[in-house]
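Okay, here's what each chain looks like letter by letter:
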Amino acid sequence: MAQVYFEDVNVGDEIPQLKKNCSTQQLVMWAAGSGDFYQIHYDKDFAQRTGLKGLIVHGALKNAFLGQLLHDWAGEKGQIRKFGCSYRGMDEPDQDILCRGVITRKYADGGKNFVELDVWTEKPDGTKTSPGTAVVTLPSKS
Amino acid sequence: MADEFEITDEMRAQIGQETEPWTYEVTTTSVRMYARGIGSDDPIHYDVDFAKSQGFRSIVAPLGYIGTPVYLPGRNDPTFGFPRRGGGPRLNLPMKGLLDGGTETEYFDVICAGDVLEETSHLADLKARGRMLFVTNESVFKNKATGQIVAKQRLTSIHL
Amino acid sequence: MAEQTYFEDVTEGQEIGPIKITPDKQQLVKFAAGSGDFNPLHFDEDFPMIKAMGLSGTIVHGRFKYAQVGRLLLQFAGYKGRVKKFGVTYRGMDFPNREITVKGVVTAKKQEGGENLVELDIWTEDPEGKKTTPGNAVVALPGRG
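Protein chains in written order, with my numbering: chain A, 1 to 142; chain B, 1 to 160; chain C, 1 to 145.
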């Protein structure tokens with residue numbers, strides 16, 4: 001992705017979407033990388049015994065996907081200052097998870113160019129599962 | 001269809017072809033994660049001060065650790081983690097299934113966190129048993145700093 | 001960790017172990033994490049290869065069993081001993097939630113190249129007593145002198 005500059009973005013713009021689809025193998029790799037070995041993410045019997053329909057994707061992994069969405073958009077010269085989300089809805093393996101973001105504010109402060117965004121993950125039917133926000137600084141063309 | 005897997009001359013010619021080297025960094029985190037994975041709680045694998053008190057450079061890698069891959073995107077097999085690199089055998093096997101046949105490690109030194117190893121491998125043997133093919137690879141691990149061989153490993157995989 | 005074993009105290013025919021472990025799915029996922037082998041054969045019952053290979057379900061990684069043998073040998077060798085060589089073949093399958101027992105027997109002791117060497121047969125057994133992972137090892141032990 002080419003570097004995005006502060007002057008090029010507008011409130012209301014949607015940033016390029018990131019589509020994810022986690023295999024059960026991916027969930028095990030996340031357990032490995034994060035050290036979170038909670039069985040609801042790879043043991044179907046365990047998940048169902050806790051009342052879930054089946055395996056679910058770790059919230060922290062979706063948070064990480066949103067981080068990747070922002071990182072890819074902000075580019076080498078952009079900086080992610082803050083981002084977070086709530087794990088409102090569950091996502092399952094082998095199903096598309098669409099990561100999206102929309103610019104809600106842009107302003108200059110203390111010599112830096114700030115952009116605020118709403119970010120979220122979405123299921124194929126459009127349900128927002130992990131709504132959140134982010135603050136990013138972008139380089140200026142000048 | 002033949003009852004015995006046919007080992008072609010082209011396949012036999014791959015025996016002995018040495019790969020390019022691959023670097024393995026033995027880190028405290030990877031040693032601890034491996035020890036946790038095998039269900040060991042021996043402090044020699046986790047506690048650096050304790051390991052040093054027992055005369056080791058740092059925490060000691062459990063005995064099966066050697067060969068734990070250092071994964072680099074696009075350069076390692078995404079499931080098994082073995083490195084894809086220049087040199088080495090090109091077998092192009094149409095695998096219906098793959099099973100582990102055996103593992104043998106010879107140690108010339110204790111492997112500790114902080115060691116950086118350089119490994120090369122070659123195809124050592126091919127054996128047909130009925131329709132199955134037994135492939136044995138041999139790896140040599142050297143300590144990059146000293147150039148000394150620290151371990152050798154023979155891995156046999158069964159291709160169905 | 002157990003007391004240090006010394007060369008003088010070891011006799012041919014002596015048994016070592018057992019170490020027992022019953023790996024549940026979580027342990028096998030931890031092993032995938034630690035070993036870098038993410039083959040779904042070991043944690044995903046729906047993995048198509050399982051049926052294609054005629055297996056009844058997920059199986060324990062061969063290298064997991066190799067590591068268990070390694071644990072027994074490290075216990076036997078102690079921090080002052082050195083495991084020189086150990087190897088196994090994966091003859092039989094082992095399945096999750098079933099006890100794996102690791103055992104060994106001293107087959108020879110000799111002094112060679114200035115080292116006190118002990119040779120052993122080592123293996124893992126399934127709950128029916130079947131030796132699924134047979135192998136052997138060479139360990140160098142310290143002397144008391």
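These aren't lab readings, by the way, just hints derived from the structure by calculation. Be careful, since some hints might not be right.
[Said to hold, decoys possible] Here are the simulated lysine-lysine pairs, DSS-like style, with alpha carbons at most 25 Å apart:
#, chain 1, residue 1, chain 2, residue 2
1, B, K127, B, K96
2, B, K127, C, K80
3, B, K152, C, K85
4, C, K103, B, K127
5, B, K142, C, K131
6, A, K19, A, K112
7, B, K52, C, K131
Evaluation of the provided hints:
no.: 1; hint: K127(B) x K96(B); result: holds, 17 Å
no.: 2; hint: K127(B) x K80(C); result: violated, 39 Å
no.: 3; hint: K152(B) x K85(C); result: holds, 9 Å
no.: 4; hint: K103(C) x K127(B); result: violated, 29 Å
no.: 5; hint: K142(B) x K131(C); result: violated, 34 Å
no.: 6; hint: K19(A) x K112(A); result: violated, 30 Å
no.: 7; hint: K52(B) x K131(C); result: violated, 37 Å
Checked against the numbered hints given earlier, the structure breaks hints 2, 4, 5, 6, 7 and satisfies all the rest.
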